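Novice: Residue numbers (UniProt numbering), protein chains in the order written: chain A, 1 to 272; chain B, 1 to 322.
Hints are supplied without guarantee of correctness; some may be wrong.
Unchecked claim - Below, a sample of chain B positions facing chain A; criterion: calculated Cβ distance under 10 Å:
{"hint": "1", "residue": "His82"}
{"hint": "2", "residue": "Leu85"}
{"hint": "3", "residue": "Phe86"}
These are computed hints drawn from the structure, not numbers from a lab. This structure is a prediction, so every number in the text was calculated from the model and none was measured. Backbone N, C-alpha and C define an ideal beta-carbon position, used for all residues, glycine too.
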Amino acid sequence: MALRPSPVIPGFNLTLGYTLVYLSLIVLLPLAGMLVYASKLSWPEFYAIVSHDRVLAALKLSFGAALAAALLNGLVGTLLAWVLVRYRFPGRKIIDALIDLPFALPTAVAGIALTALYAPRGWVGQWANEIALKIAYTPLGIILALTFVTLPFVVRTVQPVLEDIPRELEEAASCLGANKFQVLRHVLIPALLPAWLTGFTLAFARAVGEYGSVIFIAGNMPGKTEILPLLIMVKLDQYDYLGATAIGVMMLAVSFVFLLLINLLQRRISRG
Amino acid sequence: MSIEVQQVNKAFGNFKALNEINLSIQSGELVALLGPSGCGKTTLLRIIAGLEKPDSGHIIFNGADVSRRDVRKRNVGFVFQHYALFRHMTVFDNVAFGLRMKPRRQRPSESVIHDKVLELLRMVQLDWLADRYPEQLSGGQRQRIALARALAVEPEILLLDEPFGALDAKVRKELRRWLANLHEEINLTSVFVTHDQEEAMEVADRIVVMNKGVIEQIGTPAEVYENPANEFVYHFLGDSNQLQLDDQQIQFRPHEVLLSRRAEPEHRAGVVRDIRPLGAITRVTLKVEGQELPIEAEVVRDDASLNGLQRGETLYFKPKAS
Chain A
1 MALRPSPVIP
11 GFNLTLGYTL
21 VYLSLIVLLP
31 LAGMLVYASK
41 LSWPEFYAIV
51 SHDRVLAALK
61 LSFGAALAAA
71 LLNGLVGTLL
81 AWVLVRYRFP
91 GRKIIDALID
101 LPFALPTAVA
111 GIALTALYAP
121 RGWVGQWANE
131 IALKIAYTPL
141 GIILALTFVT
151 LPFVVRTVQP
161 VLEDIPRELE
171 EAASCLGANK
181 FQVLRHVLIP
191 ALLPAWLTGF
201 TLAFARAVGE
211 YGSVIFIAGN
221 MPGKTEILPL
231 LIMVKLDQYD
241 YLGATAIGVM
251 MLAVSFVFLL
261 LINLLQRRIS
271 RG
Chain B
1 MSIEVQQVNK
11 AFGNFKALNE
21 INLSIQSGEL
31 VALLGPSGCG
41 KTTLLRIIAG
51 LEKPDSGHII
61 FNGADVSRRD
71 VRKRNVGFVF
81 QHYALFRHMT
91 VFDNVAFGLR
101 MKPRRQRPSE
111 SVIHDKVLEL
121 LRMVQLDWLA
131 DRYPEQLSGG
141 QRQRIALARA
151 LAVEPEILLL
161 DEPFGALDAK
171 VRKELRRWLA
181 NLHEEINLTS
191 VFVTHDQEEA
201 MEVADRIVVM
211 NKGVIEQIGT
221 PAEVYENPAN
231 EFVYHFLGDS
241 NQLQLDDQQI
251 QFRPHEVLLS
261 RRAEPEHRAG
271 VVRDIRPLGA
281 ITRVTLKVEG
291 QELPIEAEVV
301 RDDASLNGLQ
311 RGETLYFKPK
321 AS
């Protein structure tokens with residue numbers, strides 16, 4: 001970390017101080033409060049809560065589905081960004097604007113709409129049903145809802161970077177004998193990877209914490225389609241505040257480890 | 001390797017970029033495509049490279065029609081105006097790229113690649129930068145790395161698109177002399193695009209002057225300068241003066257003029273507006289009565305007429321040609 005004043009924004013002390021106060025009030029204090037509250041539990045009590053079968057099942061589902069959704073969006077989002085940047089077609093602007101809609105829509109509305117569509121009697125669900133594929137009320141439905149909610153992240157992080165990659169770069173690579181796959185593998189992907197990873201991380205983090213859209217389509221069967229945020233709500237409904245906090249702390253710890261790993265990976269990539 | 005361009009046409013929408021282009025380039029020649037922006041010179045270069053497909057016509061390398069051959073198979077080195085270096089790779093990896101992309105059976109071993117890359121970097125005098133990233137280099141250095149990268153795959157033709165366009169004047173001059181020397185050494189058939197007539201004159205064996213999608217003239221620098229095929233070529237290759245003489249208008253280059261302090265037969269009078277010493281020559285701007293456009297005269301700096309000359313004095317001039 002460089003402790004020298006930035007030439008653009010004056011007052012290093014002021015800006016740093018403001019940043020720290022802001023971060024403390026908005027992010028650190030609520031999290032610290034949670035930790036303090038959870039410290040009322042002894043280690044064995046804490047362990048007993050978080051190692052409960054139902055909690056572990058929800059943990060696996062929450063993180064697994066979030067990872068699946070983030071990966072899916074990592075693929076499809078990159079493809080979308082590619083199409084929007086590289087091709088000119090009627091309706092491109094409209095599609096571009098549509099990308100952000102999942103952010104604007106209340107997540108509950110998204111959840112209900114998706115459930116209506118993909119339930120066994122819904123428009124899409126009945127076709128899926130015929131090939132014995134159940135979407136709503138299964139982990140598949142949860143992944144679907146999470147994919148919908150986190151769609152913009154990868155698109156919006158990859159898009160500007162892709163716009164900045166000149167066509168010449170690909171042409172230079174083909175002149176040097178690289179085939180399409182090699183251009184993708186050695187020129188485009190390395191240039192996009194840092195931005196892609198950022199988008200992926202955002203999508204993943206958002207998906208882990210998502211609640212509103214999932215609870216409608218998940219079916220919420222304990223141990224099967226119950227996600228961690230819902231479990232926390234269940235505990236709260238039963239006035240089990242300590243139990244809810246313990247699960248919250250565990251989610252926080254697991255998320256932190258994940259994000260830290262991705263961050264380290266990103267630093268290694270950008271260093272080349 | 002010789003290049004033959006036959007009846008090539010290319011349009012972008014309604015815009016006709018190239019119109020019936022015919023051109024033949026001999027093996028080992030260094031040819032400049034010269035013209036104003038939008039004249040189609042870059043499009044022609046890209047068609048030769050295979051980066052662009054002509055609407056009709058043929059490109060022939062050493063007698064073989066390559067019109068339908070993919071860029072990757074044409075074995076041309078292409079140097080882009082803005083270098084197009086791979087930002088996430090070191091200078092070394094950039095130059096090694098072409099060798100590493102070869103199909104496994106033709107790919108040299110890493111140690112051979114290493115030696116070859118260092119040899120190329122020594123040739124462009126930048127071997128000490130092997131571990132740097134492109135963004136840490138100056139424009140001139142980047143351009144030389146781009147050249148080394150293009151040469152790594154041993155192309156039979158070297159194509160350069162405005163290779164010095166983005167560089168400042170001094171680096172530009174150095175680099176184009178360097179390119180001319182390099183061409184002497186390796187004698188690779190080379191075509192470069194430029195809008196700078198001085199650059200074309202200084203470097204090329206032959207110049208192809210283009211305008212609005214057609215070739216106006218092909219010839220050695222001396223030919224196109226001394227015997228321009230038409231008005232366009234005449235004007236594009238250098239500054240010119242227009243002078244109204246009685247009932248006719250004549251044109252001459254700034255250096256094609258005699259100056260005198262005293263009135264002499266066939267000389268016209270002009271008032272000195274500006275005196276610019278430009279090194280070996282000095283440019284004098286004259287205002288001639290009865291005409292809007294000033295006359296520019298370029299004479300050697302120790303020309304007798306310049307001795308103690310001041311603005312506002314009257315000078316007598318005569319176009320050499322007439």
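Novice: Hints numbered earlier in the text: which of these fail when held up against the supplied structure?
Specialist: none
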